[in-house]
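Novice: Here is what each chain is made of, one letter per residue.
Number of protein chains: 2
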Amino acid sequence: MSEGREPREEVERWLAEFGAALAARDISGVTALFGDECFWRDLVAFTWNVKTLEGRDAIAAMLEAQLDSMSPTVWRLEGKPTVSDGVVEAWICFETGHARGRGIVRLRDGRAFTLLTAIEELKGFEERKARSRPMGAAHGVYQRDKNWLEAKRAEEESLGKERQPYCVVVGGGQGGIALGARLKHLGVPTIILEKNARAGDSWRNRYRSLVLHDPVWYDHLPYIPFPENWPVFTPKDKLGDWLEMYAKVMELNYWGSSECVRASYDDKRAEWSVDVVRNGSRTTLKPKHLVFATGAYGPPNIVPLPGIENFSGPCFHSSSYKTGEPYAGKNCVVIGSNSSAHDIAADLWEYGAHVTMLQRSPTTVVRSETLMQLGFEPLYSESAVEAGITTNEADLVFAATPFRIMPRGQIPVYEEVRRRDAALYADLKKSGFKIDFGEDDSGLMMKAFRTGSGYYIDVGASDLIVKGRIAVRSGVEIERVKERSVELTDGSELPADLIVMATGFQSMNRALAPIISEEVADKVGKCWGLGSGVPGDPGPWEGEPRNMWKPTQQPGLWFHGGNLHLSRHYSLVLGLQIKARMEGLPTPVYGLDPVHHTR
Amino acid sequence: MSEGREPREEVERWLAEFGAALAARDISGVTALFGDECFWRDLVAFTWNVKTLEGRDAIAAMLEAQLDSMSPTVWRLEGKPTVSDGVVEAWICFETGHARGRGIVRLRDGRAFTLLTAIEELKGFEERKARSRPMGAAHGVYQRDKNWLEAKRAEEESLGKERQPYCVVVGGGQGGIALGARLKHLGVPTIILEKNARAGDSWRNRYRSLVLHDPVWYDHLPYIPFPENWPVFTPKDKLGDWLEMYAKVMELNYWGSSECVRASYDDKRAEWSVDVVRNGSRTTLKPKHLVFATGAYGPPNIVPLPGIENFSGPCFHSSSYKTGEPYAGKNCVVIGSNSSAHDIAADLWEYGAHVTMLQRSPTTVVRSETLMQLGFEPLYSESAVEAGITTNEADLVFAATPFRIMPRGQIPVYEEVRRRDAALYADLKKSGFKIDFGEDDSGLMMKAFRTGSGYYIDVGASDLIVKGRIAVRSGVEIERVKERSVELTDGSELPADLIVMATGFQSMNRALAPIISEEVADKVGKCWGLGSGVPGDPGPWEGEPRNMWKPTQQPGLWFHGGNLHLSRHYSLVLGLQIKARMEGLPTPVYGLDPVHHTR
Numbered sequence: 121m122s123e124g125r126e127p128r129e130e131v132e133r134w135l136a137e138f139g140a141a142l143a144a145r146d147i148s149g150v151t152a153l154f155g156d157e158c159f160w161r162d163l164v165a166f167t168w169n170v171k172t173l174e175g176r177d178a179i180a181a182m183l184e185a186q187l188d189s190m191s192p193t194v195w196r197l198e199g200k201p202t203v204s205d206g207v208v209e210a211w212i213c214f215e216t217g218h219a220r221g222r223g224i225v226r227l228r229d230g231r232a233f234t235l236l237t238a239i240e241e242l243k244g245f246e247e248r249k250a251r252s253r254p255m256g257a258a259h260g261v262y263q264r265d266k267n268w269l270e271a272k273r274a275e276e277e278s279l280g281k282e283r284q285p286y287c288v289v290v291g292g293g294q295g296g297i298a299l300g301a302r303l304k305h306l307g308v309p310t311i312i313l314e315k316n317a318r319a320g321d322s323w324r325n326r327y328r329s330l331v332l333h334d335p336v337w338y339d340h341l342p343y344i345p346f347p348e349n350w351p352v353f354t355p356k357d358k359l360g361d362w363l364e365m366y367a368k369v370m371e372l373n374y375w376g377s378s379e380c381v382r383a384s385y386d387d388k389r390a391e392w393s394v395d396v397v398r399n400g401s402r403t404t405l406k407p408k409h410l411v412f413a414t415g416a417y418g419p420p421n422i423v424p425l426p427g428i429e430n431f432s433g434p435c436f437h438s439s440s441y442k443t444g445e446p447y448a449g450k451n452c453v454v455i456g457s458n459s460s461a462h463d464i465a466a467d468l469w470e471y472g473a474h475v476t477m478l479q480r481s482p483t484t485v486v487r488s489e490t491l492m493q494l495g496f497e498p499l500y501s502e503s504a505v506e507a508g509i510t511t512n513e514a515d516l517v518f519a520a521t522p523f524r525i526m527p528r529g530q531i532p533v534y535e536e537v538r539r540r541d542a543a544l545y546a547d548l549k550k551s552g553f554k555i556d557f558g559e560d561d562s563g564l565m566m567k568a569f570r571t572g573s574g575y576y577i578d579v580g581a582s583d584l585i586v587k588g589r590i591a592v593r594s595g596v597e598i599e600r601v602k603e604r605s606v607e608l609t610d611g612s613e614l615p616a617d618l619i620v621m622a623t624g625f626q627s628m629n630r631a632l633a634p635i636i637s638e639e640v641a642d643k644v645g646k647c648w649g650l651g652s653g654v655p656g657d658p659g660p661w662e663g664e665p666r667n668m669w670k671p672t673q674q675p676g677l678w679f680h681g682g683n684l685h686l687s688r689h690y691s692l693v694l695g696l697q698i699k700a701r702m703e704g705l706p707t708p709v710y711g712l713d714p715v716h717h718t719r
Numbered sequence: 121m122s123e124g125r126e127p128r129e130e131v132e133r134w135l136a137e138f139g140a141a142l143a144a145r146d147i148s149g150v151t152a153l154f155g156d157e158c159f160w161r162d163l164v165a166f167t168w169n170v171k172t173l174e175g176r177d178a179i180a181a182m183l184e185a186q187l188d189s190m191s192p193t194v195w196r197l198e199g200k201p202t203v204s205d206g207v208v209e210a211w212i213c214f215e216t217g218h219a220r221g222r223g224i225v226r227l228r229d230g231r232a233f234t235l236l237t238a239i240e241e242l243k244g245f246e247e248r249k250a251r252s253r254p255m256g257a258a259h260g261v262y263q264r265d266k267n268w269l270e271a272k273r274a275e276e277e278s279l280g281k282e283r284q285p286y287c288v289v290v291g292g293g294q295g296g297i298a299l300g301a302r303l304k305h306l307g308v309p310t311i312i313l314e315k316n317a318r319a320g321d322s323w324r325n326r327y328r329s330l331v332l333h334d335p336v337w338y339d340h341l342p343y344i345p346f347p348e349n350w351p352v353f354t355p356k357d358k359l360g361d362w363l364e365m366y367a368k369v370m371e372l373n374y375w376g377s378s379e380c381v382r383a384s385y386d387d388k389r390a391e392w393s394v395d396v397v398r399n400g401s402r403t404t405l406k407p408k409h410l411v412f413a414t415g416a417y418g419p420p421n422i423v424p425l426p427g428i429e430n431f432s433g434p435c436f437h438s439s440s441y442k443t444g445e446p447y448a449g450k451n452c453v454v455i456g457s458n459s460s461a462h463d464i465a466a467d468l469w470e471y472g473a474h475v476t477m478l479q480r481s482p483t484t485v486v487r488s489e490t491l492m493q494l495g496f497e498p499l500y501s502e503s504a505v506e507a508g509i510t511t512n513e514a515d516l517v518f519a520a521t522p523f524r525i526m527p528r529g530q531i532p533v534y535e536e537v538r539r540r541d542a543a544l545y546a547d548l549k550k551s552g553f554k555i556d557f558g559e560d561d562s563g564l565m566m567k568a569f570r571t572g573s574g575y576y577i578d579v580g581a582s583d584l585i586v587k588g589r590i591a592v593r594s595g596v597e598i599e600r601v602k603e604r605s606v607e608l609t610d611g612s613e614l615p616a617d618l619i620v621m622a623t624g625f626q627s628m629n630r631a632l633a634p635i636i637s638e639e640v641a642d643k644v645g646k647c648w649g650l651g652s653g654v655p656g657d658p659g660p661w662e663g664e665p666r667n668m669w670k671p672t673q674q675p676g677l678w679f680h681g682g683n684l685h686l687s688r689h690y691s692l693v694l695g696l697q698i699k700a701r702m703e704g705l706p707t708p709v710y711g712l713d714p715v716h717h718t719r
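From first to last, the protein sequence lines are chains L and F.
In terms of the working numbering, the first sequence has 540 at position 420, counting the first letter as 1, and numbering is strictly consecutive.
In terms of the working numbering, the second sequence has 127 at position 7, counting the first letter as 1, and numbering is strictly consecutive.
Chain L on its own, in the form it takes in the complex:
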């Protein structure tokens, strides 16, 4: 904080100068208000993109391109700024020509260190909620032709036949459902395609012991939060029921038992042709936008296993694992050491199998309880609720930290994690299990954003490893599969009746290849990862998850997904981009990323 100035006064002065410089199109005046190290993260409000501008030059370049068309106006402080370690943090709200937004600015020595600008709503196309919620009853009796149910049925019957949806979402898990709910309330005609029969089945069909590893406060969907007696960790079938209920009361056009088998884009008409097999019969949809929300990941990553043709037992990918029931007393080899590998190894052990985990590379393990206290507590917890932090506010606070500097905040958290759970880590080491906390010791969340793999939130399996109930072989691979065993690269041999490949997934863009084409899959490029230059996340640095929730190199094609938190928050970010296009608002995209990696 600058000498002798109140935080409120400091922020108000900064905002006034910032607003004035923007209004005057004085770009050097704007950048002079940012510090030597500075970041402006924008969610669609200025860039029609999800973009972090790093440094004054990047900010100037963005403003050169966007400022005239965005014409920001109002900049206002919200609430009371806080001060911590000399950084003044404040909520702000603002308007552009076409949108209203909220954000967070952090000032260091009177200049901006980080700025978040996040779109909240489009002017003239606000969601009808609270004071502007629909009346429901058309009061005043008149000879109406349809009541609510009849109108709903008529829409269900005509959409995709006489009337085309503006948007089709492939995949009806939490991502597709959250986005579908946003689009519904934004008035964008949408059809959600889901392979399984019912909403929620993608969770129900997973292995029987699965429960969410993230706590309830992190997992709310938009519009209807979980009630206050909902369990901290939701069992998979309970989540399935909730999603099914949610899709129904939100009145989504949710097509179960429907598979997208083929899609092609007509550049001239700027329209997709989407072939769908619905309950066995084929139909074609013609949306303007196609969203892939097929899960956080792409197709399963199947590793080649020499000699597998000789194996007498079953061998499958973790995504096909259902239950350990058939394997009591059997010898099971689980390849991999991340979340699924741990869950499956524990499930097999519960059923009395003899399990060996083959750890191919070190794993970040954090006890669930420790992560709740050190990771989730400030934003997603009962304490946060009691402090009056809404889920939307928590999401924005989380989004306000640019990815470049996120590790700085995480490294001390993991120093504390290692201190608290030193005994567990020592025990795991003794068991032969290899622990790491990422290249820069920034821990689990950075691994998730960089590679989407390499970690386990410990809900009990680590104890089984420590106690030797799950055996671990680390730093070895399978040399050769034999009829009833596997030979490892160190020459040893393990008896095996079952092999589970918990070897992760390919990038989401690979899901495009069989449906659209290899060319489009490559043109669009890899999804997720930040370009941080660590194994699994090759550079160059890109600064935002690749291709997620923002325009791609393929017009009309979008990706949506992630855990419940990301599905909830970015469903608004993506939903508003689609709505703006439907309404014909100008949407000049700044800094569409070139593709550096195809898979």
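Among these hints, one or two may not hold up.
Pairs count within a copy or across copies, as identical chains cannot be separated in the list.
Stated by the list, open to error - In silico lysine-lysine, DSS-like type, Cα no more than 25 angstroms apart, as pairs:
id	residue 1	residue 2
1	266	442
2	304	368
3	272	442
4	304	408
5	587	266
6	281	388
Treat the hints as calculated values from the structure; they're not laboratory data.
On the provided structure of chain L, position chain F as indicated by the hints.
Specialist: Only chain F this time, still in chain L's reference frame:
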């Protein structure tokens, strides 16, 4: 407010003296703290009853009986008292030996004018919510035998067979569902019996144009409020879907297609034997408590129509009315002039029928918009939400006004209603429609509490009457029904192809007669009504709705119901009474009411 004393200080001083007198068992000390006109309304916290004590003597008598066993301790001011018209109003919380409660005290000249004490939770049996919510996952891997779904299915399969429910609720509308949700979270094994196949069907099966006449803020269920984009007036099928999903995600043991055909009470075992036909097959349940939640009303009130045997068209009660579709161009006579009569007449008109409404007695009509502004606005509205008034707080504020003095607050509201909508009332009068506002001009809500009839919230039908599209004949009855007409008591004749009896319902206790016995129906007596001495609500004054949400003359038998507001609020009041009995807490009931009327 007393001279020269701050409201906060005044309330704190009053509470300290009140608490001290109670602790000292100094009953005259307690009553000295009440004004000459005073009321103590208690919801279960002191009386294990729903009871308003009117005047110091009644308060003293209650304390004589209850004080020793209730042992109230803490009395604390919550928040900041407000002052209006010289009355200081404050939120309070308190504890008794077995419970925690909240309430509202209103002081006039330093002494209590009204006091509300409402039970909130039982000590040691608190609902598991917020900080104490269940974990969901049993962290730590162990050889568990059931996951969430398997455990749920096992409970569903055993309850009512190997394991008996502690409580059976007859009727699965909003009343049964709200109570079921409370009991679920209180850990009381409960089965809800619903005649229709699915939860929500009791709404879906009503006439096609039906929408709630109360606004969304008044209609929330416990635990999961409607989202902020929910329409103000919920269409019947949309409410049906919400109830169905609610029952599912709340994990209620909800037996659809299940009818309670017979029930008898074994005094020695203090247990019911309840015969149920479920999907056509018969089973017997043995609960300790039986709750009738069969709707706000009892069986339809069928009026005798001389000559009906000669009538060539259909004639049925309003509860059987579905749609006006078959009656285009037909002559329809609707007997009655309350809500259903208006809705049905309007629906028939929408389909092109010629409708005449036979008004048997004057009706209180209030325009929906006016009622929203003058009636609901302070507690149940977007303004109330913005002012931070939670639904639970609104319910308590509403409950804090004793029924005896409720008309005092209502009369000025209806003066304003008449002023605002003078034109409508003049026009209705011209059409021959008879308006009233109750014996004492206290309007719609008092009519609802006194007789449950005699009013219409105008959502458009009044305009049809004014315009002559719905004809009205007032002050006449049907003298005789002929083959294709009705002859009226004034000698005139109306052509008739359809007769609908919108003639209301019998008292809820009448629903007991065919299931339990005439004797028990009579022993328990009439439900609802306050004993206000107006037609339809004969005295003596009882001061609380008869038999609702509180012990009755039949051990183990309870009534629950009312609109969504009452179903929500009193489901907690009743749920805690049942829970306390299950846990064997002492529940000395004070002032069980004698029965003055059997129907």
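Novice: For every hint, state whether the structure bears it out.
Specialist: These are the hints, each one checked on the structure:
no.	hint	verdict
1	266 to 442	between (45 angstroms within a copy, 14 angstroms between copies)
2	304 to 368	both (12 angstroms within a copy, 23 angstroms between copies)
3	272 to 442	between (37 angstroms within a copy, 19 angstroms between copies)
4	304 to 408	within (16 angstroms within a copy, 46 angstroms between copies)
5	587 to 266	between (65 angstroms within a copy, 23 angstroms between copies)
6	281 to 388	within (22 angstroms within a copy, 66 angstroms between copies)
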